[in-house]
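Below are the chains, spelled out letter by letter.
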Amino acid sequence: MMRAELLEVRLVAHRGLWDKFAAPGTLGAYVRAWRRRIPFRVDLDAGTVTLQELLDAGLLQQRDVLVLLVSSAPLDSFGGNVLIVESCHYLPLGATLTAPVQPGDLVFYESIDTIDSLDAMRASPIKSDDAIEAGLASAVKAGAVLMRVCDLAERELLLHSARWIVR
Amino acid sequence: MILDEDPVFGSLEFSLDHPAVDAALEPLLTSRSWFVLGYAELPASLRSKLELTSTNAPVDNLFRLDSFEQLPAILTLGIRASRFAAILFWEAFHALATGGVWVDVDYAERCRGTAVSVRDHVEREYYEGSIEVIEERAVGPYRIRLMRKTAPSRITATTNDDGWTFGILTAGPSPNAERMVREILALELPAIEIVICGPKPANLPDDARIRQIDLEKPEPRGWITKKKNMIAEAARYENLCILHDRFFMPGRFVEALRRYGNVFSVVTFPQVFYADRTGTCIQRYPDYQVVKWSGDIATLVRAGIFDGHYVFHPQYNDFHETAFCCGGLYITKKTIWNLVRQDEALFHAEWEDAVFGYECQKIGIPHRVNPYACVESANPHPMLLTAIHVLHPSGKVERAFHHVSAHQRRIADEQPGVFQPLLTATKKSYCAKLVAKFNRMPIAQRTGALSEADFIGCDRLSEVWSVVHARVSSVPPQTRTEIFGIFTLISDVIFNHPACVLQHWTREAERALTGMAAKRRFSPLQLLRDALTFSPKDLLSRAWRVLRPARGSRQYAPIDDVIAYFREVETCYPVAFVPEGDGAMSVATVANRERLLDAEQNFRTIFFQHRDGLLPRMDGWEAA
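If you read the sequences in order, they're chains A and B.
Per my numbering, residue 1 is the first one in the first sequence, and the count goes up by one each step.
Per my numbering, residue 1 is the first one in the second sequence, and the count goes up by one each step.
Hints were generated in silico from the structure; no laboratory data involved.
Among the hints, erroneous ones may be present.
With a Cα cut of at most 25 Å, we get these calculated PhoX-like pairs of lysine-lysine [claimed, not checked]:
(1) B/K217 - A/K20
(2) B/K433 - A/K20
(3) A/K20 - B/K437
(4) A/K20 - B/K226
(5) B/K217 - B/K396
Next comes chain A alone, as it looks inside the complex:
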């Protein structure tokens, strides 16, 4: 699959494609995202899965799913497709772009639905993803590709497939 096709689904599953059988951030949730070809983000620092487990499950050896690996420690090189996120901007919830954006750059931004605690939801000054997107308008104008990092990826696909899946 070509890189452009990987970007058609303009969202990334924050903790995998979790469901009632596979809790968020578990290997099962990542396997599910991989099977459904939904891009997913793995925070290796969270400790719920290891790089070796991902490799053993064959999730990084295919080039037909976009995987966003996040680690504070340097990653040993391995044969896989993680190169597709070799150059990107990642914006945690509430952060803004600090580096200039080039045409074709990937800009991942965390959705407000990455908040898991109801108290934190109430306290968050950001109430909608529309506000985040508005702040990224200049990046889009510069030719960047926005990717929303969602914890409720399947809901997004259910409600907004026409909007978020670009063909």
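We have chain A; now place chain B onto it with these hints.
Only chain B this time, still in chain A's reference frame:
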């Protein structure tokens, strides 16, 4: 000699009123005799020179041509004007003899693919290697093609195989599967094998025709796609019938197969559930559906996520390229199944059947209905007991069409004893399962555990779930995990809603609990949209949604909705649980013709008049 298609299906206009058409066609019509499928008459100058035959069979989902690979020359005129084009091409292709010629005339603009494929019909994968384009001409608005069938169809080599492999999926001890095996073995077919995929039911007859296979390890999601692919791989015979373990095999099963013919694509039978043992209250089970989506359906398939609000039950003689046979019962060829196969990334209730239908239709394999038998489901669909989404041939949709007849409402009061239980569980076993699952929810640590004693005095499902609602509402949830766990309970106990739905419910609950939902209801943007697209119905609907929170908590709206649904169900289905000590029903229902034909609802969901008579055919009824 124009095809007979009911105007209700709204075929597009087609004519051959162009001065250059006959001159362009004449040199291509080298054969003397032609079988014509057309939506316009051939120009008179050509008609007089040729021997033309056609069919007077009405064009609809049932349309068949009997002469398998016998016709030497076929002429198709404007058949893309019909919504049944995929069926007409399938039938024409299989009727054409190898080496035969095919002249196709249509508006060029209609030859550039359809909603499911950018390829024109006979250019799709199923036909590849069998059709050669000899010559193509552009004449005015038309594309005229001369083609030759260079090889038999993919299923030709095995059409003499009259054996049948029945594959039954099981997931536990299944008395239904055991009964189905006996019913299948009694069918008068030349050769039969039965492949059980899953646990082997107890008390199966000792018969060499029965085999059992299973997944390497259990998969709690219900890996029905993998199981069905395994059955197709294991099948000894070319004719394949794959079933879930909840059917009664109809007595006219074999007759229906013979009536339909041996050259079929992917087909299902109409499926119904009888609410009562006297066969007077009938409900259509999801058997054949259409995804009616104005956007690009490929995007839905890619995500494997469909919104049920856009999935409808068409009339059985209707057809759309986005129609699909529901996963409970497939009749097809092993060759066809293995050409497409089901997507093993999808599991039970993940629209795996809609995706399969799309993938089939995209490569030229239509999903259709054999209405010459009707199959009874031993269980009802738990969420479609009172209403279903209906798609009329005219294109009109009725979301949540209420299909319970006045007769059913009446006897629910007068003769509750004739009703079947809605569930296969006793109240005790149902509550025990509910309690066990409730107490495993993350929030149960703070709400306190439930026990079966909490349900004493609850004789109705609405009462049982009211207890659950009260308990989960007793403490405010703190995390998404807690809320998701509550909705998982509904998915585990009532109906296996897919993850996308559970996530949607979860987010809506979060929004309600954090006050975000109320703010959105008064969006100025929405007010502007409403003003631009004013309709009294939408206005009333929005007003209702705004006012509704004031009437009570909607934090757990899906549980509220389930309780309201069960209250409605209880007015027309008086028996919910299997009585203690009572075994499951083990005999098929005898349909009451007079009573069923008396209910208007049944003609909007199940029955339809056809040239072949009233369809679908029911066991015990006259053929007429």
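Index of numbered hints that the structure contradicts, given in increasing order
5
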